[in-house]
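Sequences listed follow chains A and B, in order. Reminder that position 239 of the first sequence reads as 239 in my numbering, one-by-one numbering, no gaps. Reminder that position 336 of the second sequence reads as 336 in my numbering, one-by-one numbering, no gaps.
The hints are simulated quantities; they were obtained by calculation from the structure and are not laboratory data. Glycine included, every Cβ here is placed at the ideal spot set by N, Cα and C. One thing to keep in mind: the hints can contain errors.
Residues of chain A clear of chain B, computed beta-carbon distances all greater than 10 Å [claimed, not checked]: (1) Thr4; (2) Pro58; (3) Ala84; (4) Ile251; (5) Lys317; (6) Ile338.
Listed next, the stretches of chain A that the computed footprint assigns to chain B, with coverage defined by at least 3 CB atoms under 8 Å from CB atoms of chain B [what the hints assert, rightly or not]: (7) 16-28; (8) 119-133; (9) 144-155; (10) 182-196.
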Amino acid sequence: MKLTGFRYLKKQRILTLTLILTASSMLFSLTAFSLQGFYRGFTAYLGEGEDIIAIYNPKTRTHFTSLVPAYLAEKISMLKGVLASSPEALIPCTVNGEALFLRGIIPKEFTKLTPLKILEGNMLELADVNSIILGKNAAQKLSLNTNDKVLVLGVLSDRYLELQVKGIFTSNSAMDDEVLAPLYVGQWLRRADYGQVTLIRVKIDRSQISPSDIMEMIAKEASEPTPPTQGEETSPPEETIIPQIIVRFKIEDVGVEEARKFMKNYLDRYGLTREALLVLSTAVFLFSSISIAAAAKTVITQHKGEIAVLRSVGASKKLLKRDILTKLLPWSLIASTIGITLAAVAFKIIQENSYLQVLSHTIPFQLDPLVIALNIILSITLVSISVLRERLE
Amino acid sequence: MSGTLYGFKMLLRKTGTATAVLSIALLVAIIASTNAIANYIASQTQTLSKLVNPTGTYLILNKNATALTNSRINPELATQLNNTNQLSHVHPQKLLTTNLTTHTGNATAIVRGVNNIRAYLNLRNAIINGTAAENLTEANIGIVLANALSIKTGDEIELTLDTAHIKVKITGIFRSQTQSDAEIIIPIETANKLAGNDNTVSLIEFTIKEDANTQEALNQITQLLPENTKLIQTQQLIEFTQQTNMQTLTFLNVWSIAVYAVVAAASYITATRLTAESNYELTMLRALGTKKTQLFTLVLTYTATTALIGSLLGVALGTAGTQTASTILRWIKPTIDIKPYLEPEQTLQTLLLTLSSSIIGCTYPAFKSTREKYMEQPL
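Make the full structure from the sequences, and use the hints.
What follows is the structure, given as structure tokens:
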């Protein structure tokens, strides 16, 4: 006996199940997109790709309290296979009362690692002593334009600065939420010596050099620091703006690691792995599983008359359950898809209204196929279990 | 009325009630647990931020100024501040954006006029190569600006602001690790001359004495301030942490809308299931004379009651659950010590929002139940 031709399930009654599945899928997807977006944004903060290396102080608890010798950037840049070496001073601050991160950079080296597109005004140069450029999100948040002046106040130090906006840029990265300034501005706010920076980002050609080669050079420098060369211009004129200071250091105070791995290990220290975040999102979905089971039970209860008729003409319980499941699963799939779409739309709206920020950085949106697959699998599994466990009289 | 009450008791005793309560409880537990953890993180960051030196640096600026260089206040205020005897340093300063002409060309630079250049450089822990400027024709320059413009000790530079021109000689290059390294420091009289003798200053920078009561000192200072001025602490650790905490809380509040949407959907299910499974009971009530509005109220009250019980249970589950999980985590990793907690007003807010969502969700099925003709079962 085949029941596929019998259209006994009323669409209006199936709405009960689709409603709860849509809501639960939306909640799961929104949670998963947010957590995965946070994870992705954080791990890509210093750069994506295996060719970006970070030189940092492994003993510090956060990446913006780390300090490493600034002169190492120049030493590293002279190694064969090093394409760019960018010393950076990353520092939390308030700009016109808004909490933001300021990054002190050497513009020429920085842009080799993170290309910037100037939307308004001009690009920053190291000699722009009182200038900054703003990421487009930061500019929007502060309602600032080119040539506006800002009051920057320190967070880790009691420093105050007046700076002028030279331009607004976009980089399609976390930098869009930041303020970029000449390196020494970051050093002032960090209350660091001109010989120290927060970290050094290096771009390498993996076919010529590896992170361990860089570590070897740094270890050699730690044990036998190279004296500064006399009378020879090793740096371009614009880079002698910052006083050149050779700082003695211990090798255990410097770490070298692929940038993405460095940020990932930082999160792993607190148990925030990608898998843990997915499990958290799944737990949120499973917390609404009772409602899904109740909805499936309700659909069957509402159709008990129809089911009784089919049982009386010879349909077995097994056959009926299989048929109900076959008819409900496409609706489950539709409900999950609608839920995912609603979550994506909601995420975009929340993101555009700046409601989705962690440490003043916008969480990026990424349509993760794993999240979509997990959503559909969970919905189908829950509906299947609920229907198969139901007692049909 | 008593019939409705008996009907309510009858419905409450049905087997589906426990499931309905549990489904709401689990959803509310998600909100309660995330709020509890967020509260702990917020309180920890607040505690850390309070470690900032309370006797730090403060600035008095013009309230309407958009930048330090266009702020103008009365310098007499500095004398009044000194008279409070609560302050270790009081430095009125005049900041101007001027045109700078050197032997290499022209540039724009910030010029800072101070009362005593030596005292100012000492305040900044500056190291000077040369001597501190001592008269109106001398100036000191920060190392960054000096390097950028190739200025050396002994060079003469011209400062221009609108129509005023002044020539000064650089007597020393200093390094202070502050923004002054990109400025020219001149006597305040020279700055006044450049600005057209308007007898104002841009800001007053001061530090409270270490042995002084900070709050008392600030209260005293605030009373002295004219209406057109504002007081700012230069180290903004507390404000920064408050804003970053607020970002997390804002996101959680927006995310919780999705949870309440599921609560509304769950209540819809509860009410629909109730009307589907309680066919007999509702038919009997109608036969005994229960009006449609009473039936509506009955379904609504039932769903709201299960939501209320569910939310109370959920808040307890969520809070206790996170506290249990953090205790277990502490056993495994003693260095991790998390103490999540829920504020009473958050509990009340959660209960009210759950109740509201539940009422919204169950309104349609409750209304539909009044339209149902219980004598006929449509196929």
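Of all the hints numbered above, which does this structure not satisfy? Sort the numbers upward.
none
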